[in-house]
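Make the full structure from the sequences, and use the hints.
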Amino acid sequence: MRFCSIENILIMKNSKDIEFEIRQRLAVGKYKAGKALGWGRRATDAAIRAGAMPIIAGPKPTVPTSWLRQQLRLKGSDEAA
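Residue numbering for the sequence shown is 0 to 80, as defined by numbering that gives the first Met the number 0.
Calculated from the structure, these hints are not laboratory results.
Just so you know, even glycine gets a beta-carbon here, dropped at the ideal spot from N, CA and C.
Heads up, some of the hints might be wrong.
[Said to hold, decoys possible] Taking lysine to aspartate or glutamate and the DMTMM-like style, the derived pairs with C-alpha atoms no more than 25 Å apart in a straight line are:
1. K34 to D16
2. K29 to D44
3. K31 to D44
[As the list claims (entries may be wrong)] Pairwise CB distance ranges, derived in the manner of DEER restraints:
4. R72 to A42: 15 to 21 Å
5. G50 to D16: 25 to 31 Å
6. W66 to D16: 15 to 21 Å
7. S65 to Y30: 16 to 22 Å
8. G28 to G50: 14 to 20 Å
9. R48 to F19: 24 to 30 Å
Given below as structure tokens:
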């Protein structure tokens with residue numbers, strides 16, 4: 000039998016919040032997108048510099064959720080028919 004720690008509960012809540020945002024919004028912040036992919040801030044910035052992650056430029060760079068849903072293979076993602 001495994002017990003959930005407070006940290007694990009917070010991580011699960013955070014991941015559900017992130018998934019909800021990915022499904023509801025058109026774009027999310029670059030670090031939130033990186034976190035959804037399991038990346039830290041440095042890895043996210045490196046992916047952006049390498050062109051591996053598309054960015055919508057602005058005061059706060061964002062990532063299109065259509066691309067993010069495809070990367071995460073979430074149901075309801077924009078799949079080519």
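Hint numbers not upheld by this structure, sorted from lowest to highest: none
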